[in-house]
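Work out the full structure: start from the sequences and follow the hints.
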Amino acid sequence: MLIRIQYKDMPNALFPNLARNELVIQVSPKESMYIKTIVKEPGLSTNLAMSELDLSYKTRYHDVNIPDAYATLILDVLNGDHSNFVRSDELDEAWRIFTPLLHQIEKERIAPKPYEYGSRGPEGAYQFVEDRVGYKRTELEYHWEAPK
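Residue numbers (the working numbering): 1 to 148.
Just so you know, the hints here were simulated from the structure itself, not pulled from any lab data.
Don't be surprised by glycine CBs; every beta carbon is placed ideally from N, CA and C.
Among the clues, some could well be false.
30 Å max Cα-Cα, derived DSS-like pairs, lysine-lysine [stated by the list, open to error]:
hint, residue 1, residue 2
1, K8, K30
2, K40, K30
3, K107, K40
4, K40, K113
5, K30, K107
6, K8, K113
Quick list of simulated restraints, FRET-style, between CB atoms [as the list claims (entries may be wrong)]:
hint, residue 1, residue 2, range
7, H103, K58, 17 to 23 Å
8, V86, T59, 30 to 36 Å
9, I35, G121, 34 to 40 Å
10, H103, P29, 29 to 35 Å
What follows is the structure, encoded as structure tokens:
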């Protein structure tokens with residue numbers, strides 16, 4: 001699961017119309033947290049580039065055995081820890097909320113929008129989140145690579 005928090009534009013910024021900084025948290029399967037930020041390239045130029053402050057668990061904690069999510073859940077079950085599981089009243093409420101939506105999708109035969117595996121979603125996804133929550137996609141060249 002990937003959680004992406006995008007910071008708002010700064011008012012009166014020295015360099016207007018830049019890509020926004022983002023905090024990205026990847027919960028599973030490759031646990032990591034990084035901040036994508038605009039930095040000045042080293043040297044005498046005034047060129048800006050997208051970079052990151054990176055905390056990837058496999059890189060930082062390479063000597064520690066980090067169990068996968070299922071091993072952790074099984075251990076929770078064996079220890080009687082219910083904190084990572086949904087309570088029955090939460091499950092009932094989720095079905096109460098989503099059942100009408102599922103019926104509407106079935107009745108209207110709403111088809112999912114296809115998109116290429118590994119892409120960032122179907123066409124229109126960027127416009128959807130920009131219209132609803134103000135998320136702006138950066139056009140700067142940037143490729144984060146998970147540690148091996």
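Hint-by-hint comparison with the structure:
Taking the CA atoms of K8 and K30, the gap is near 27 Å; set against the 30 Å cutoff, the hint holds. For a cut-off of 30 Å, the pair hint linking K40 to K30 stands: about 29 Å separates their Cα positions. The suggested pairing of K107 with K40 is violated, with an alpha-carbon distance near 53 Å, which exceeds 30 Å. The suggested pairing of K40 with K113 is violated, with an alpha-carbon distance near 39 Å, which exceeds 30 Å.
Proximity of K30 to K107 is assessed by CA-CA distance (about 38 Å); at most 30 Å being required, the pair is judged violated. Only pairs whose Cα atoms come within 30 Å are accepted, and K8 paired with K113 is accepted, the gap being roughly 29 Å. In this structure the supplied range 17 to 23 Å is violated for H103 paired with K58, their Cβ-Cβ distance being about 43 Å. Evaluation of the 30 to 36 Å hint for V86 and T59 yields a pass: the beta carbon distance comes to about 32 Å.
For the pair I35 and G121, the beta carbons lie near 22 Å from each other, so the given range of 34 to 40 Å is not met. A hinted range of 29 to 35 Å for the beta carbons of H103 and P29 is consistent with their spacing of about 33 Å.
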